[in-house]
Amino acid sequence: MSIRERMSGNEAVATALRQIDPDVFAMFPITPSTEIPQYFAQYVADGRVETEFICVESEHSSLSACIGAEAAGCRAVTATSSAGLSFMNEVLYVAASLRLPVVLAVSCRALTGPININHDYSDSMAERDSGFIQLYAENNQEVYDNLLMAHRIAEHSSVRLPLMICQDGFITSHAIENIELEEDEEVKKFVGEYHPENYLLKKENPLAVGPYGISAYYMEARVAQAEAMKRAKQVILEVAEDFRKTFGREYGFFECYRMEDADVALVIMGSSAGTAKVAADALREEGIRAGVVKIRAFRPFPGPELCEVLKNCKAAAVMDKSEGFSACGGPLFAETSGALINAESRPKLIDVVYGLGGRDFTVESASEVFKRLCGIAKGAEIGPVYSHLGVRSL
Amino acid sequence: MKNRAEEINEQIAWQDLTEGCEIYESGSSVLTKTGEWRSRTPKWIREKCKQCLLCAPFCPDASIPVSDGKRDEFDYDHCKGCGICLKTCPFEAIIWKQ
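Chains as they are written, first to last, in this note's numbering: chain E, 277 to 670; chain A, 71 to 168.
If we strip away everything but chain E, and leave its shape as in the complex, we get (with noise of 0.2 Å):
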């Protein structure tokens, strides 16, 4: 039986993994996810886990203790945003390219500058080539299920990836909602236990871990990890459904809200879909085919799956909660139109930016946003491609 509680998105990631109790918890505090090893560290203090919970010194750190029990065959997570993020990205790769699937919860927030704790997904954007599979959540239920199938699919033997649980630092890790828990045991039994096949401190089977790989290995290791990627794809979808079958709710690389005859859609990311579906909503109410589709998988990227749900669409617009700087649209745009480019239909497609550092996303500037595709769809000019929302100028 599920249970009905109403907690914050943190508190979710900490009784997810409080559920799962894993081996080893390197913490090091940053807001907003400070909440995370904050209870976990009451857990550890009552009893509840039988975790080794390493308080560390940086953010270097607390990846690379999980880096080091992964190898010696334990199941290893962390949390950390914002500039704690950016400063584990050298051992990201490390993580990634070691194949040791560590589960890192994210609660995304701004990178400098100007200094600003809110959110938006500049930090975990940045990581997008780290190797690391990154699943994105709604709301605190969304993060809770995430968490749940995280480990399944990092140590899936075809995938050992790591993994990284991205929500909307404060809009989701700090706002308190309704949430259904399952309990313990079920979580345990569907978690299961992790028993990898090699690891350091197996004696009876010596192992190196790292080597050092000249350019006549390098190329063809790096090949190896990007199809453990490609493979990532299925696992996502085998543990989504093993999941509704367990606990009844419904994942994919994506949710498709009324998109079935969507003639314009938001193509968008996180807790700010749900603000995008009541403008969706209210449009539909004034006889506008509007949709949108919330991306969950963004590594690996599900580029074919979003063409076949965008092939009708007259005119989409991708929401992108970063810059990222590149001059010509957000990382989000970059995948999406990448996906796009030879499909034999599509719609006309325009990157918005928006919410940066926290910045209000509205239902009426979603509804802007739809209303401008509505004109495109219609045969109107596209205007600048791309472009930012609710910017103040002259």
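Among the clues, some could well be false.
Claimed, not checked - Only pairs whose alpha carbons sit at most 35 Å apart, straight line, appear in this in silico DSBU-like list of lysine-lysine: (1) A:Lys-150 to A:Lys-72; (2) A:Lys-167 to A:Lys-103; (3) E:Lys-478 to A:Lys-103; (4) E:Lys-479 to A:Lys-140; (5) A:Lys-140 to A:Lys-120; (6) A:Lys-103 to E:Lys-479; (7) A:Lys-72 to E:Lys-509; (8) A:Lys-167 to A:Lys-113; (9) E:Lys-624 to E:Lys-590; (10) A:Lys-140 to A:Lys-157; (11) E:Lys-590 to E:Lys-654; (12) A:Lys-140 to A:Lys-150; (13) E:Lys-465 to A:Lys-72; (14) A:Lys-118 to A:Lys-157; (15) E:Lys-479 to A:Lys-72; (16) E:Lys-465 to E:Lys-479; (17) A:Lys-150 to E:Lys-478; (18) A:Lys-113 to A:Lys-103; (19) E:Lys-624 to E:Lys-509; (20) A:Lys-103 to A:Lys-118; (21) A:Lys-113 to A:Lys-150; (22) E:Lys-479 to A:Lys-150; (23) E:Lys-647 to E:Lys-590; (24) E:Lys-506 to A:Lys-72; (25) E:Lys-521 to E:Lys-464; (26) E:Lys-464 to E:Lys-478; (27) E:Lys-479 to E:Lys-506; (28) E:Lys-587 to E:Lys-624; (29) E:Lys-587 to E:Lys-647; (30) A:Lys-72 to E:Lys-478.
No lab work stands behind these hints: they were computed from the structure. Since we're looking at a predicted model, the values are computed, not measured.
Take the given structure of chain E and dock chain A to it, following the hints.
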């Protein structure tokens, strides 16, 4: 997938690499001659050597083989030429090769 270090060479296909290029056995460095990195080469002067064995444990790369309580010629396939043995030897029995 090739699990034996001796099967890993520059012709290996990506499908045959282990995850993260892990190596599932010990002592595989005998297959890789890393001594070619060396820019300077230590020379052992057998006549001056008192077999005190200070050099062998200080070698960071196990490139001074010891058997029956006596050191033998350097393992130049793996010696990196760091020179620690030169500094350690109290009898000037190790010098740089000119």
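Hints versus structure:
1. With a C-alpha separation of about 29 Å, the suggested pairing of Lys-150 (chain A) with Lys-72 (chain A) holds against the 35 Å cut-off.
2. Among the hinted pairs, Lys-167 (chain A) with Lys-103 (chain A) is consistent with the structure: their alpha-carbon atoms are about 20 Å apart, no more than 35 Å.
3. Using a Cα cut-off of 35 Å, the hinted pair Lys-478 (chain E) and Lys-103 (chain A) holds, with the two alpha carbons roughly 27 Å apart.
4. About 31 Å separates the Cα atoms of Lys-479 (chain E) and Lys-140 (chain A), which keeps this hinted pair within 35 Å; it holds.
5. Distance hint between Lys-140 (chain A) and Lys-120 (chain A) is fulfilled; the C-alpha atoms sit about 9 Å from each other, no more than 35 Å.
6. The straight-line distance between the Cα atoms of Lys-103 (chain A) and Lys-479 (chain E) is roughly 26 Å, inside the 35 Å bound, and the hint therefore holds.
7. A hinted pair counts as satisfied when its Cα atoms are at most 35 Å apart, and Lys-72 (chain A) with Lys-509 (chain E) qualifies at roughly 25 Å.
8. Restraint check for Lys-167 (chain A) and Lys-113 (chain A): satisfied, since their Cα atoms lie roughly 5 Å apart, inside the 35 Å limit.
9. Taken as a hint, the Lys-624 (chain E) and Lys-590 (chain E) pair is honoured in the structure, with Cα atoms around 6 Å apart against an allowance of 35 Å.
10. Taking the CA atoms of Lys-140 (chain A) and Lys-157 (chain A), the gap is about 19 Å. The hint holds against a cut of 35 Å.
11. Annotation: proposed proximity of Lys-590 (chain E) to Lys-654 (chain E) holds, straight-line Cα distance about 9 Å (limit 35 Å).
12. For the proposed pair Lys-140 (chain A) and Lys-150 (chain A), the alpha carbon gap of about 22 Å is at most 35 Å, so the pair holds.
13. Distance restraint check for Lys-465 (chain E) and Lys-72 (chain A): the Cα-Cα separation of roughly 34 Å lies within the 35 Å cut-off, and the hinted pair is therefore satisfied.
14. Simply put, Lys-118 (chain A) and Lys-157 (chain A) have alpha-carbon atoms about 15 Å apart, close enough for the 35 Å limit, and the pair holds.
15. Pair hint Lys-479 (chain E) plus Lys-72 (chain A) holds up; C-alpha atoms about 21 Å apart against a cutoff of 35 Å.
16. Between the alpha carbons of Lys-465 (chain E) and Lys-479 (chain E) the distance comes to roughly 28 Å, so the proposed pair stays at or under 35 Å and holds.
17. For the proposed pair Lys-150 (chain A) and Lys-478 (chain E), the alpha carbon gap of about 31 Å is at most 35 Å, so the pair holds.
18. At most 35 Å may separate the alpha-carbon atoms for a hinted pair to count; Lys-113 (chain A) and Lys-103 (chain A) meet this at roughly 19 Å.
19. For the hint pairing Lys-624 (chain E) with Lys-509 (chain E), the CA-to-CA distance comes to about 27 Å; that is within 35 Å, so the pair holds.
20. Note on Lys-103 (chain A) and Lys-118 (chain A): the hinted pairing holds, with a Cα-Cα distance of about 29 Å set against a maximum of 35 Å.
21. Restraint check: the Cα-Cα separation between Lys-113 (chain A) and Lys-150 (chain A) comes to about 13 Å, which is no more than 35 Å; the hinted pair holds.
22. Among the hinted pairs, Lys-479 (chain E) with Lys-150 (chain A) is consistent with the structure: their alpha-carbon atoms are about 29 Å apart, no more than 35 Å.
23. Taking the CA atoms of Lys-647 (chain E) and Lys-590 (chain E), the gap is near 13 Å; set against the 35 Å cutoff, the hint holds.
24. Note on Lys-506 (chain E) and Lys-72 (chain A): the hinted pairing holds, with a Cα-Cα distance of about 21 Å set against a maximum of 35 Å.
25. Simply put, Lys-521 (chain E) and Lys-464 (chain E) have alpha-carbon atoms about 16 Å apart, close enough for the 35 Å limit, and the pair holds.
26. Restraint check for Lys-464 (chain E) and Lys-478 (chain E): satisfied, since their Cα atoms lie roughly 24 Å apart, inside the 35 Å limit.
27. For the suggested pair Lys-479 (chain E) and Lys-506 (chain E), the alpha carbons sit about 33 Å apart, so the restraint of at most 35 Å is met.
28. Distance check on the hinted pair: Lys-587 (chain E) and Lys-624 (chain E) sit about 10 Å apart at the alpha-carbon level, within 35 Å; holds.
29. A hinted pair counts as satisfied when its Cα atoms are at most 35 Å apart, and Lys-587 (chain E) with Lys-647 (chain E) qualifies at roughly 20 Å.
30. For a cut-off of 35 Å, the pair hint linking Lys-72 (chain A) to Lys-478 (chain E) stands: about 20 Å separates their Cα positions.
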